[in-house]
Amino acid sequence: MLTALAILIDGLVYSSWLFIVAVGLSLIFGVMKILNVAHGSLYAFGAYGAATMVGIYFDAGWAPLGSFAMLLLAALVMGAILGIVLERGLLRFVYGRDEVIIVLVTYAAFLILEDVIKLIWGVDPYYAAQLYGLLGMTEISLLVFSNYDLALIGLALFIGGSLWLAINRTRWGKLLLAVIHDREMSQAFGINVTRVYTVTFVLGAVLGALGGAFTAPMISVTPGIGVEVIILAFAVVVIGGMGSVPGAVIGSLIVGLSRAAAVHLLPEIELFVIYGVMSLVLIVRPQGLFGKTAEKRI
Amino acid sequence: MIEKDKTLRTLAIAVAIFAVAGFFLPQWAVFMLTLALAKGLVVLGLLILWRTGLLSFGHALFYCTGGYAVGLAGLWGLTDVVALIALGTVASILLAFALGFLITRYREIYFAMLSMAFSMILYGVLVKSEVLGSTDGFNISPPTFLGVKLEGESLTLGNYLVTCLLVWAAGWGVHRYLQSTMGHMSIGIRDNEIRVEYLGVSVRRVIHVKYVIAAALAGAGGAISAMVVGHIDPDSMAYWTVSGEFVFVTILAGTGSVVAPFLGSIVFELVRTYAFQYTPYTWQLILGSTLLLLILILPDGLWSLFTRRKARV
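The listed protein sequences derive, respectively, from chains V and W.
Just so you know, the first sequence maps onto residues 812 to 1109 in this note's numbering.
Just so you know, the second sequence maps onto residues 5 to 317 in this note's numbering.
No lab work stands behind these hints: they were computed from the structure.
Everything hinted at is true.
Pairs of lysine to aspartate or glutamate, EDC-like flavour, derived with a Cα cap of 16 Å:
# : chain 1 : residue 1 : chain 2 : residue 2
1 : W       : K153      : W       : D84
2 : V       : K844      : V       : D909
3 : V       : K844      : V       : D993
4 : W       : K132      : V       : E1079
5 : W       : K132      : W       : D239
6 : W       : K132      : V       : E1081
7 : V       : K844      : V       : E910
8 : V       : K844      : V       : E995
9 : V       : K844      : W       : E112
Here the structure is a predicted model, which is why all the values come from computation and not from measurement.
Please model the entire structure based on the sequences and the hints provided.
Okay, here's the thing in structure tokens:
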């Protein structure tokens, strides 16, 4: 019973984290059909930015709780700068090329950004652990959880909810849906597709950086943290269906809960289980649980 | 006028020059070349798939299978170089034959993703298997050549010559294959699969064969790498970055010729070695920029430098 509860709560925390990290990737793929390998770098930049700014904040001696604003600020700044640089400076030159080639372009960007991180922050680890303890602990029937972890669930709900509202209930969301449905037709109707692309990419980038920023207090921020995150996010997005926000929710729940179950019950298959589920979903439903099939061209 | 196909001649001459050069080059260079050629074999396999429009983002699966097959056989006392390479190749072929029934249903990004998922499963299994040393991997004793035990420089040279021979054989075979009807089907499938089906060809079967060939080459490459390095571990053989590297070299080399993968692989290994030596913090930056420039300026890879001028004449 206790194990089941532990699996459930650990799984939910891990799912929330996965969702925050992966939703930006899914959004970008949905609108632009770009599988953005550089998403891992955005995550890493978000984490480094957050660790740096939290450090500065605490050195200045301001009210500790305000440091959470630093996480948000770091994500916004890093995501916006990198998003614009990547989209305007690089990706727009390869639109229309083969999808797989665009993946390689983002892979190249990822390689470059990995070293840019080392050039800016060096190779020593950074910490933002002060934040992690700030919120205290909660005891749920003998199990102790960090409130920070539990707050992640709230954050994921908030992000998912606002995205859903933004896409389905605003003018901008309608434009986005039109572009997703038929890019050329919406251009013909006078939608500025170029701008929709830029806005989407920057939004996706900010979400990626946000994932990193809110992870920073839980880990030691070192070079290479982005590498692992990319494929985890890929797994989530592939399982849910590439480009679908509800899919990203389901994908992160499946991955998060099955990994938590594996960690508690059979630690040997912890890594295996994620990609096992991913392969299984791809085999049964290649387009993912929420994805749409593309028609074949003759 | 149809130009005479000189690829096989170029291949034979190039391999012969490289093999002879092995006797004069310093040991580190021979070692590096062996590794580069072994990885070139993997890339040669990816070339076959890429010509069909398929990019495997998980080819490290077979590279690793080949490597670990050699490692396991070494634990049981098998050391003959030919037997080991054959074993690594066969192991990969069997795996690819089985997986092929699934993976040939997928195209484009789904093909890339599913192959990546498969390779990460292997990675996940290896990292957690303590018998195989989990993340540390284990050492492999040096191979013997027809019962002869070599040491030091002659061992490096022996490995190198065997690799050269294999490169020649693989290049020859793949070139002949690409010139066959099955091989020519590649571009048709890439351009329009349904029309190829209308011609009465099973596209899935064609891709299945290509997948198995690509896996066999990757298995052989992995087997050689494992023997040459003398050590195998999941991070350097099965992680997704390894697959990424192979894809990188495939794009770098271009699909113009069976010689291209080996050229690309050697260039890649040189760039990486020197970049790593002189600028340890920015070698990935250099690689990434190279890849970007290539995609933007030379979309058909390095090999197009040789063919472009000819086309103009």
